[in-house]
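Keeping the supplied structure of chain F fixed, place chain P upon it in accordance with the hints.
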Amino acid sequence: MKDNRWGFPDLGLGVGLRTTHYAHILSEKPDIGFFEILTENYLDTGGRPLFMLDQIAERYPTVMHGVSMSIGSTDPIDFDYLAKVKALAERTGSLWISDHICWTGVLGRNTHDLLPLPYTEETLVHSINRIKIVQEFLERPLVLENPSTYLEFADNDMTEWEFVVRLAEEADCGLLFDVNNVYVSAYNHGYDPVAYIDAIPADRVCQYHLAGHTNKGTHIIDTHSDHVVDPVWELFGHTIRNVGLRATLLEWDADIPPFEIVHREVLKAEGWRREEVADVA
Amino acid sequence: MSPERPGLARLQRWMQEVVVHPGAVEDAIEADDATRHITSGRLTDVVLPSHSMTAVERVGVYHGMYMMRMEEALETDYPVIRYHLGDHQFGHLVAEYVQRFPSTSYTLNRLGDHLPQFFVDEPEWPQAAFLYDLARLELAMTEVFDEEESPILGSEELEAVPPDAWETARLRPISAFRLLDFKHAVIPHLVAFHEDRPAPSPRRRASWVALYRRDYSVLRLELSRAEYDLLREIVAAAPLGDALAAAAASKSPRQQAKVFRWFRTWISEGLFTEIES
Chain F
2 MKDNRWGFPD LGLGVGLRTT HYAHILSEKP DIGFFEILTE NYLDTGGRPL FMLDQIAERY
62 PTVMHGVSMS IGSTDPIDFD YLAKVKALAE RTGSLWISDH ICWTGVLGRN THDLLPLPYT
122 EETLVHSINR IKIVQEFLER PLVLENPSTY LEFADNDMTE WEFVVRLAEE ADCGLLFDVN
182 NVYVSAYNHG YDPVAYIDAI PADRVCQYHL AGHTNKGTHI IDTHSDHVVD PVWELFGHTI
242 RNVGLRATLL EWDADIPPFE IVHREVLKAE GWRREEVADV A
Chain P
7 MSPERPGLAR LQRWMQEVVV HPGAVEDAIE ADDATRHITS GRLTDVVLPS HSMTAVERVG
67 VYHGMYMMRM EEALETDYPV IRYHLGDHQF GHLVAEYVQR FPSTSYTLNR LGDHLPQFFV
127 DEPEWPQAAF LYDLARLELA MTEVFDEEES PILGSEELEA VPPDAWETAR LRPISAFRLL
187 DFKHAVIPHL VAFHEDRPAP SPRRRASWVA LYRRDYSVLR LELSRAEYDL LREIVAAAPL
247 GDALAAAAAS KSPRQQAKVF RWFRTWISEG LFTEIES
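In order, the protein sequence lines correspond to chains F and P. Position 90 (the first sequence) corresponds to 91 in our numbering; numbering is contiguous. Position 50 (the second sequence) corresponds to 56 in our numbering; numbering is contiguous.
Isolated chain P (complex conformation):
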């Protein structure tokens, strides 16, 4: 092999640096990350021109497709954020995000896993706190979609729990369940996206949501703070007696009836897979 000839490893490192560069292909070829492997002056020693394209243009085909692919993948996982930001701003977000968190997985399904963290790390991004909440919602929806299927706790299993065992019984949620608290009202943005209405302005308002999957569809329950607190205790494996007593602290019949109603809804929605008594 001639000393001038780059080996396979060097060639691949060079090409990857060029392909993933966020700027124009000409800048990518000149960038330090690429020239440490192959200098820009040697491009035509490495890549041949075609009958109709220069070597730069041919490398540019791969360079251009990379960012398009990243954008497509992130749009699949974060359609509401794309809808909120619009194509132009979303494109900027993707370009910055994949520089910080490039794909290291065999699947593009994991590409967006760090988007909430990105907004934590980049507080100067416009509306970063709101986008952090929205990213957490959309990431949780993807996770719920992909989780393993769990058997649903049925009425027979519940009826089999002896009355004196309820105090210490613990419920286990299905795998496809996520409980989320937000500082912003994110659900109106999800609804606006699905109904193809203009997205509302971000509003700071605490909100609580349970996401779960039933019949392979991702569903949600919007919760009050009290519902969220009780459900959080239950899914953290607190004994049911303690969790319910704390929720119905006033012991008023009205409050107890409300807690009972919540509990019945969660059971009938299939949020739990098992009861340990």
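So that you can see chain F by itself, here it is in the shape it has in the complex:
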């Protein structure tokens, strides 16, 4: 079985921790591998969210997933933010810290969107330098997610997967491989998602994401608002055959149904995982 180079464990199946599920999780104590917490939701609060998180982190493994590191931005790195991220990781005992291959704002602004980067040599060098600084500050590898994107820049020097692979190798960081994002971006830009998956170095992958999306006909938006579609499950199967088993998380962030439905959705991944184990055996 292939492993990641940091020995981050395969935590099995998990879901994103959402406030609407706090009461269910604490009362029913569902049998689940791990929870992924949205980093920024717990940075500036001493109230109920942190109180709930402390109880959940005592019982379950957690990993952190942020949206504001803005690793590709040309603004200065926000070390106050990073210090809070680091403190939260220590408080919760989170096994790794992830964010996205994107930028979220410049000139001191935050658009709170995961904006696309041009896949150029300039962007690559810039992002690699920043990742190295962030990793040194956090004293751990950063795990970065491939984004869903809705446009392509004309000046791209390379494909998205070439960019992602070089970024991970040259910055020596981990990857959170979002299978739905590959499907969404492949649809939007007309490339082959299998070629993307086949290019990903297994030893860099620390976690998988799965999610539902919204197909607008002309393009797909990564809404995290529905069940995972069959073609994404197929790509997930292809991914774990190529890369191996990793902590696998379902994201459901809009029109969030009861916990049991979200849980049942991620449990579908178990069939694909069993198949992979059987094949290897």
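No lab work stands behind these hints: they were computed from the structure. Misleading hints may appear alongside valid ones.
[Stated by the list, open to error] Ranges between beta-carbon positions, derived for each pair:
| no. | chain 1 | residue 1 | chain 2 | residue 2 | range |
| --- | --- | --- | --- | --- | --- |
| 1 | F | Asp76 | P | Arg106 | 16 to 24 Å |
| 2 | P | Glu130 | F | Asn216 | 38 to 46 Å |
| 3 | F | Ala84 | P | Ala255 | 48 to 56 Å |
| 4 | P | Glu128 | F | Asn130 | 41 to 49 Å |
| 5 | F | Glu163 | P | Glu154 | 40 to 48 Å |
| 6 | F | Asn130 | P | Gln133 | 45 to 53 Å |
[Said to hold, decoys possible] Here are some chain F residues the structure puts well away from chain P; computed CB gaps all over 10 Å:
| no. | residue |
| --- | --- |
| 7 | Arg6 |
| 8 | Arg49 |
| 9 | Leu118 |
| 10 | Pro119 |
| 11 | Phe138 |
| 12 | Phe154 |
| 13 | Ala155 |
| 14 | Asp156 |
| 15 | Val166 |
| 16 | Gly218 |
| 17 | Asp227 |
| 18 | Glu261 |
| 19 | Gly272 |
| 20 | Arg275 |
[As the list claims (entries may be wrong)] Facing chain P, from chain F, some residues (calculated, C-beta under 10 Å):
| no. | residue |
| --- | --- |
| 21 | Val86 |
| 22 | Thr112 |
| 23 | Glu123 |
Using N, Cα and C, we set each Cβ at its ideal position, and we do this for glycine too.
Relative to chain F, chain P alone:
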């Protein structure tokens, strides 16, 4: 790099200006804030069309999502204002507000911090004075929700204060406490929202409220002017003797009993964390 090729910094500045523009995406691409970085005629040199969308439409996906995200975030912090204004007017408010006070934080939780100030700066906004009060109430509720947890002053600590030390003792409120005075009756609007009833017409009437958190829920005490004045003195660290004497100025047994009752309620509701005697 070709001289025609925008560098990363210029590309990001251009894209941000387009994304945050309050008008249509076509206007955003033509606006001075964007064209100072990349002219509109060069759009297709920068962004590729897809098999089904033009370059403008593809940029428009990000542009459209920005305002939706801002609206969602502000609706989370200001549900009563949204309820009062309705979707259409609230959308206008958000568009104007984020132009004046864009997010500069890593968290959307801080996006709405300046809404009371917005209504001060924009007195011509319909019902601006009322909305200023409502915004202060909702902002304070968010702050109380997020404040650090404090230990609650218990009866043992109170009983340990020597009788002769009460005159000079000072009480410190919990972090999750806010004392507010309003020129308008805002609480009926909060209640109407929670009960899903039609919001009443704004009414100018002074009102006073203490917000606090207990068991991680935000609670409120509606106060009389006299209660507010006494509580304000106490949380401003006035010696208890002075504050209570001023409140029970008439020294009538009835007034003193009333002040004692207020004080007992505030203690039992857990408004204080410490007594310094």
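Tested hints:
1. Remark: the range hint 16 to 24 Å for F/Asp76 to P/Arg106 is upheld by a beta-carbon distance near 21 Å.
2. Between P/Glu130 and F/Asn216 the C-beta distance comes to about 44 Å, which sits within the given range of 38 to 46 Å.
3. The hinted range of 48 to 56 Å is satisfied by F/Ala84 and P/Ala255, whose Cβ atoms lie roughly 50 Å apart.
4. Checked against the given bound of 41 to 49 Å, the beta carbons of P/Glu128 and F/Asn130, roughly 43 Å apart, stay inside it.
5. Range check, F/Glu163 to P/Glu154: Cβ separation about 47 Å, and the 40 to 48 Å hint holds.
6. In this structure the hint that F/Asn130 and P/Gln133 lie 45 to 53 Å apart at CB holds, the actual value being about 51 Å.
7. With a closest Cβ-Cβ approach of about 29 Å to chain P, F/Arg6 is found to remain outside the 10 Å limit, as its non-interface label requires.
8. Against chain P, the non-interface label of F/Arg49 is violated: not every CB pair exceeds 10 Å, the least being about 4 Å.
9. Distance to chain P contradicts F/Leu118 as a non-interface residue, since its nearest Cβ pair spans about 8 Å, not more than 10 Å.
10. Non-interface status of F/Pro119 relative to chain P is broken: a Cβ of that chain comes within 10 Å, the nearest being about 6 Å off.
11. The claim that F/Phe138 is not at the interface with chain P holds, since no C-beta of that chain comes within 10 Å of its own (minimum 15 Å).
12. Distance to chain P contradicts F/Phe154 as a non-interface residue, since its nearest Cβ pair spans about 6 Å, not more than 10 Å.
13. Some Cβ of chain P comes within 10 Å of the Cβ of F/Ala155; the nearest lies about 5 Å off, and the non-interface call is violated.
14. Interface exclusion of F/Asp156 from chain P breaks down, the closest Cβ pair being 5 Å apart, not more than 10 Å.
15. Chain P leaves F/Val166 outside its interface by the beta-carbon criterion, the shortest separation being 20 Å against a cut-off of 10 Å.
16. Remark: the non-interface label on F/Gly218 conflicts with the geometry, its nearest Cβ contact in chain P lying 8 Å away (cut-off 10 Å).
17. Look at F/Asp227: its CB is around 17 Å from the nearest CB on chain P, clear of 10 Å, so calling it non-interface holds up.
18. Distance to chain P confirms F/Glu261 as a non-interface residue, since its nearest Cβ pair spans about 24 Å, more than 10 Å.
19. No beta-carbon of chain P comes within 10 Å of the beta-carbon of F/Gly272; the shortest separation is about 33 Å.
20. Chain P leaves F/Arg275 outside its interface by the beta-carbon criterion, the shortest separation being 37 Å against a cut-off of 10 Å.
21. With 10 Å as the threshold, the beta carbon of F/Val86 comes within range of chain P, its nearest partner Cβ sitting at about 9 Å, so the hint holds.
22. The interface hint given for F/Thr112 is met, as the beta carbon of that residue sits about 6 Å from the closest beta carbon of chain P, less than 10 Å.
23. Hint status for F/Glu123: holds, given a least beta-carbon distance of 5 Å to chain P, under 10 Å.
Checked against the numbered hints listed earlier, the structure breaks hints 8, 9, 10, 12, 13, 14, 16; every other hint is satisfied.
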